[in-house]
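Peer 1: Just so you know, the protein sequences line up as chains A, B and C, in that order.
The opening position of the first sequence corresponds to residue 1 in the numbering used here, with each subsequent residue numbered one higher.
The opening position of the second sequence corresponds to residue 1 in the numbering used here, with each subsequent residue numbered one higher.
The opening position of the third sequence corresponds to residue 1 in the numbering used here, with each subsequent residue numbered one higher.
Be careful, since some hints might not be right.
[Stated by the list, open to error] Result set (DSSO-like, lysine-lysine): computed pairs, CA atoms no more than 27 Å apart in a straight line:
| id | chain 1 | residue 1 | chain 2 | residue 2 |
| --- | --- | --- | --- | --- |
| 1 | C | K168 | C | K211 |
| 2 | B | K55 | C | K216 |
| 3 | B | K40 | C | K278 |
| 4 | A | K63 | C | K62 |
| 5 | B | K55 | C | K62 |
Since the hints were made in silico from the structure, they are not lab data.
Here's the letter readout for the chains.
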Amino acid sequence: MRMADILSRVYVAALFVFVFLPILTSVVFSFNSDRFPTVPLGHFTTHWYETAFSRPEVWLAFKNSLIVAFCAASLSTMLGFVTAYTDFRYGFRFKTAYLALALLPPTIPLVIMGLAMLAWLGRLGLSGTLIGIIIAHTVMGAPFAMAICRMRLQQMDPALEAAAWNLGASPWRTMASVVIPFSTPALISAFCLTAAVSFDEFIVAWFVSGLNKTVPVMILEILQGNVDPQINAIGTVVFLTSITLVILAQLLILRRSAT
Amino acid sequence: MKTRFSVYPYVWRVPLLIWQGLFFIGPLALMVAMSFWLVKNYRMEPDFVFKNWDKMMSRGYFWDAYWITLWRASLAALLATLIAFPASYTLAFKVSDTVRRWAVFFLIVPFFTSYLVRAYAWQVLLAESGPINAILGYLGLGPFTMLNTGIGAMVGYMTLVLPLVVILQTFSLAAIDRNLIEAAWNLGASARATLFKVIIPSARVGLIIGAVFAFILSYGDFVSPFYLGGSKPPTMSILIIDTTKSGQQWPRAAVVAIMMIVTLFTVAFVAVGAAYGRRK
Amino acid sequence: MKKQTSVLTRRGFITGVAGAALSTPMLSRAWAAEPTVINMLAWYGHAEPDIVGEFEAANNVKFVPKYYAGGDNMLALIAQSPPGTYDLILSDAEFVQQLNAAGYIEQMDASLYPFDDFFPEYQNFPGHWVDDDLWSVMVRYGLLGVSYNTEALTREEAMSYNCFWNEKVKGKVGHFDWHLPNLGQMSLLMGNDKPSPFDISEDAWGAVQEKTMSLKPQVGGYFDYGGTFSSLKNGEMLAMCGIGDWITGVLEKDGAPVASVIPEEGGVQWTESYSIGKGTTKHEIINKFIQYMLSPEGQVKSIQMAAYPGLSPTKSGWKAIQEANPTEAARSGMVVGSDQDPIKMYQEGRVHIRDIPRQQSLEDWNDFWSEYKTA
Numbered sequence: 001m002r003m004a005d006i007l008s009r010v011y012v013a014a015l016f017v018f019v020f021l022p023i024l025t026s027v028v029f030s031f032n033s034d035r036f037p038t039v040p041l042g043h044f045t046t047h048w049y050e051t052a053f054s055r056p057e058v059w060l061a062f063k064n065s066l067i068v069a070f071c072a073a074s075l076s077t078m079l080g081f082v083t084a085y086t087d088f089r090y091g092f093r094f095k096t097a098y099l100a101l102a103l104l105p106p107t108i109p110l111v112i113m114g115l116a117m118l119a120w121l122g123r124l125g126l127s128g129t130l131i132g133i134i135i136a137h138t139v140m141g142a143p144f145a146m147a148i149c150r151m152r153l154q155q156m157d158p159a160l161e162a163a164a165w166n167l168g169a170s171p172w173r174t175m176a177s178v179v180i181p182f183s184t185p186a187l188i189s190a191f192c193l194t195a196a197v198s199f200d201e202f203i204v205a206w207f208v209s210g211l212n213k214t215v216p217v218m219i220l221e222i223l224q225g226n227v228d229p230q231i232n233a234i235g236t237v238v239f240l241t242s243i244t245l246v247i248l249a250q251l252l253i254l255r256r257s258a259t
Numbered sequence: 001m002k003t004r005f006s007v008y009p010y011v012w013r014v015p016l017l018i019w020q021g022l023f024f025i026g027p028l029a030l031m032v033a034m035s036f037w038l039v040k041n042y043r044m045e046p047d048f049v050f051k052n053w054d055k056m057m058s059r060g061y062f063w064d065a066y067w068i069t070l071w072r073a074s075l076a077a078l079l080a081t082l083i084a085f086p087a088s089y090t091l092a093f094k095v096s097d098t099v100r101r102w103a104v105f106f107l108i109v110p111f112f113t114s115y116l117v118r119a120y121a122w123q124v125l126l127a128e129s130g131p132i133n134a135i136l137g138y139l140g141l142g143p144f145t146m147l148n149t150g151i152g153a154m155v156g157y158m159t160l161v162l163p164l165v166v167i168l169q170t171f172s173l174a175a176i177d178r179n180l181i182e183a184a185w186n187l188g189a190s191a192r193a194t195l196f197k198v199i200i201p202s203a204r205v206g207l208i209i210g211a212v213f214a215f216i217l218s219y220g221d222f223v224s225p226f227y228l229g230g231s232k233p234p235t236m237s238i239l240i241i242d243t244t245k246s247g248q249q250w251p252r253a254a255v256v257a258i259m260m261i262v263t264l265f266t267v268a269f270v271a272v273g274a275a276y277g278r279r280k
Numbered sequence: 001m002k003k004q005t006s007v008l009t010r011r012g013f014i015t016g017v018a019g020a021a022l023s024t025p026m027l028s029r030a031w032a033a034e035p036t037v038i039n040m041l042a043w044y045g046h047a048e049p050d051i052v053g054e055f056e057a058a059n060n061v062k063f064v065p066k067y068y069a070g071g072d073n074m075l076a077l078i079a080q081s082p083p084g085t086y087d088l089i090l091s092d093a094e095f096v097q098q099l100n101a102a103g104y105i106e107q108m109d110a111s112l113y114p115f116d117d118f119f120p121e122y123q124n125f126p127g128h129w130v131d132d133d134l135w136s137v138m139v140r141y142g143l144l145g146v147s148y149n150t151e152a153l154t155r156e157e158a159m160s161y162n163c164f165w166n167e168k169v170k171g172k173v174g175h176f177d178w179h180l181p182n183l184g185q186m187s188l189l190m191g192n193d194k195p196s197p198f199d200i201s202e203d204a205w206g207a208v209q210e211k212t213m214s215l216k217p218q219v220g221g222y223f224d225y226g227g228t229f230s231s232l233k234n235g236e237m238l239a240m241c242g243i244g245d246w247i248t249g250v251l252e253k254d255g256a257p258v259a260s261v262i263p264e265e266g267g268v269q270w271t272e273s274y275s276i277g278k279g280t281t282k283h284e285i286i287n288k289f290i291q292y293m294l295s296p297e298g299q300v301k302s303i304q305m306a307a308y309p310g311l312s313p314t315k316s317g318w319k320a321i322q323e324a325n326p327t328e329a330a331r332s333g334m335v336v337g338s339d340q341d342p343i344k345m346y347q348e349g350r351v352h353i354r355d356i357p358r359q360q361s362l363e364d365w366n367d368f369w370s371e372y373k374t375a
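Pulled out of the complex, with its shape left as it was, chain A reads as follows (with noise of 0.2 Å):
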């Protein structure tokens, strides 16, 4: 039994190793000399960080790309809390559709959003913009940012509001000081999970970006192109930024859930 139990963590251990292989090469060739990636590894250097940095158009591009992720993330939690609200409180005919238009979203292949979005956004005259984007990702991370204050919502006993209304406090005034600083936790977390969504995606934003490159986009076309190491370099600090986000996510979700 008790090498069952070894047997088991190895295994997990090993699926952890296969996980975070990719991630950790990648790290590792970023501060590796050599061009074209191979084994033995060249010596160690900082220049495709410097080489990338030193470029206006990475610095764009993060630009961007932060633009991007904040009003999207902004847009997809509000309106994912709109939506875990009317989830939460209310039921009516079509229910079922409704949540399902609601959380389809993520079921449909980023390259069918993508080109759909291209299409549709190019006759409402916003592809190639920056809204482009931000509207392509709030429609994707809503459903996220939906569930995460759906979860939150339900820990609230349902009494609650109706304690506050029988107090004689109007809907508006009750969501205001009872449901949302309830909620706040898992408005923060939906915000850093989306914006760590949209930071990170790039299928659709290639479709629809035109000259209005976010990083991830920009990673594509080097991977595309000339297969720079630098893009070892710019992923790296993606996955820093997105991995911070993620962090300050669990946090508050731990800390609050404590209390």
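For chain A, the structure is supplied; the task is to place chains B and C on it using the hints.
Peer 2: This is chains B and C only, laid out in the frame that chain A set:
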């Protein structure tokens, strides 16, 4: 009082309808419409003809891509489920809550590292001159051709879906009532019987949902089959990209896309039906 | 290897300066002295610092590139953007006619460009002139033949397209994922060199398809630009169809054992040309840039472009590279007497300009390519 009350719910209900209508249903509906359009001189012209459907449905390469994608995504879902299960089982039953929480946290991390960068890293790792073959070489094995094969693509799919599948399985296994398992033991069930008669049926929903997600993600992915599978053969997603690239044939790409969505939904509904079905 | 480093350092230096100059105002409020932006639609590399850096610094302009991956992709991108989005379009020569037909480009003033300096073969490039009106100016070109790993195949073996069927490269033959160059080469192998491998009868087209299909068991993958690079570099692919020195040239400089030759059956020429995007308001600076790229200085940059090397259509370009970098001139055949001298091979009828199919529709070729890929 009553009038004020009737406004309030709609403030929460309507935004989603407007937004999804404008930016989710709208684009998809346009895509469906587009599949009946024509392309003249690299420009699309609204029309209502079945030419694109005739054309794609009658092509051998479309159906080749269709079946290979379906097959690969199913294989990926099966493999991911089987590979993930022992790990999820360990995480659910054999470790402390803290370890489990951290494990889940670390499994979330990969979602937020650029999938492209990870695929590129696999290109390096799987290459014939890469580290994995170098290690195998020391052991007197190989070299194996892994890149630009189905194996390469499968490694990519696993990278994409395994973390999610493990998380979903772990949650559903951890949620099983321990008393149930102990009851099985007390009634003298063997380890195997407990697993197949108690644990797996109880976690059925999570297992199936995990597999469905693995299927959905692999089915739509174009990075792995392209960068790790060498487009050999092309999957539906690659076919979409190829089709848009060649001669502005968006209507035909739309046909491929619609076929993909129909297939995905069919599989998802059947699977979800199987997950919740018998409970009714 | 040494060259590569120096190029990178210089590139790093220039971009460093440009980066510092640009990022400082970004932090403060002054967007006022912002440089003129030129939106360029091009293959990867054409708006990178090694090409445009000095021009940007000297003229206070900033190139914003949108890189495409193939002519169809390029047309699609223009079609989806409002007129005037792209000021300058670098396209493959065979797509100029389509750009023109679709009304995406403006007529150009021939007197502005040094056509006297062009080799006579390139003065009247097909499709660039409509009667006496100029619509596009060729800036560089290159040849597509057999690209191979020199440790797997000998140069003699590579002198025929038949080497793709060689047992030694089984499962290791890669395709650049675009039908025109690949099928053009197959057409040449089938002996369709007069008038052009792209101008073939239905019967010949059938034979080309059959021959191509027979290559399937040898094929290891279909790659975009980036994939072609890395798979040749890491030895995943030992021979590559549909490409030439524009890929292997970069890898050679990096020390990879790869090379390209134009085989006996002949090669296909790719050509890149500048066109002015319809609706632009920046004619003056765009013309200045095109003139700069056609000058000896610009041609030396173009020949040694970091993303992929090219050949020069101008006599002064040849002279300039022979002085600036004799090794590169010799390597690429831009010296009189080389057996890979592009002008000589062109005159001998061994080089054929890549074209769109003349007797079949582009769609037929494209369809066949899709079939071949899934077969």
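Peer 1: Now look at each hint and say whether the structure bears it out.
Peer 2: Cross-check of the supplied hints:
1. K168(C) <-> K211(C): 19 Å, holds
2. K55(B) <-> K216(C): 24 Å, holds
3. K40(B) <-> K278(C): 20 Å, holds
4. K63(A) <-> K62(C): 17 Å, holds
5. K55(B) <-> K62(C): 44 Å, violated
Of the numbered hints listed earlier, the single one contradicted by the structure is hint 5.
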